[in-house]
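Participant: Sequence:
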Amino acid sequence: MKNKMVKVAFCLLYLFAGYHSWSKVMQYYLSDRQGIVGDMHSYFIAPLIAAFFWLLIYLFSTYFFRRFSLASFAKYLFFNIIFLAANYLILTGVAKISSYYYNTALNQVQLVHVNNQFLFLVYIIPAILTLLIFAGVRKKWQ
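Take 3 as the starting number for the sequence shown in my numbering and just add one per residue.
These aren't lab readings, by the way, just hints derived from the structure by calculation. Errors might be hidden in some of the hints.
[What the hints assert, rightly or not] Calculated cross-link-like contacts (lysine-lysine; reagent style DSS-like; alpha-carbon spacing at most 27 Å): (1) 77 x 142; (2) 142 x 9; (3) 9 x 26; (4) 9 x 141; (5) 142 x 98; (6) 6 x 98; (7) 98 x 26; (8) 6 x 77; (9) 9 x 77.
Note that this is a predicted model, so its numbers are computed, not measured.
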């Protein structure tokens, strides 16, 4: 029972982190300049997609690293917290690096259309990197 409640809590935590991550990625995308996003998809749909993408990452990592869920409760809890933090930090780094060239073109107040393919890569690259890093960590930790 306790393990199921923790999984539900982590699902909610990943949904919240994914929803919140969208505003951070957009902040780096605009680089605190006076760009105005006129795309309603960016305000309503995209944060929900980001939240569900993070939930998908959590579910995939839970399946991929299921040995930790069979291990002790503290090990499972610690692993998921570190996985979430690493994913968020790598996402921040990739968003800053990849938006560097885009935000140099913003020099005045202008209407900005959000490039969804660019942001898809910003989300998928950290997810893959985090899974690869933790696959290596898993082998050392076992």
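Participant: State for each hint whether it applies.
Facilitator: Now for the hints, and whether the structure bears them out:
| no. | hint | result |
| --- | --- | --- |
| 1 | 77 x 142 | holds (14 Å) |
| 2 | 142 x 9 | holds (24 Å) |
| 3 | 9 x 26 | holds (25 Å) |
| 4 | 9 x 141 | holds (23 Å) |
| 5 | 142 x 98 | violated (30 Å) |
| 6 | 6 x 98 | violated (36 Å) |
| 7 | 98 x 26 | holds (10 Å) |
| 8 | 6 x 77 | holds (15 Å) |
| 9 | 9 x 77 | holds (14 Å) |
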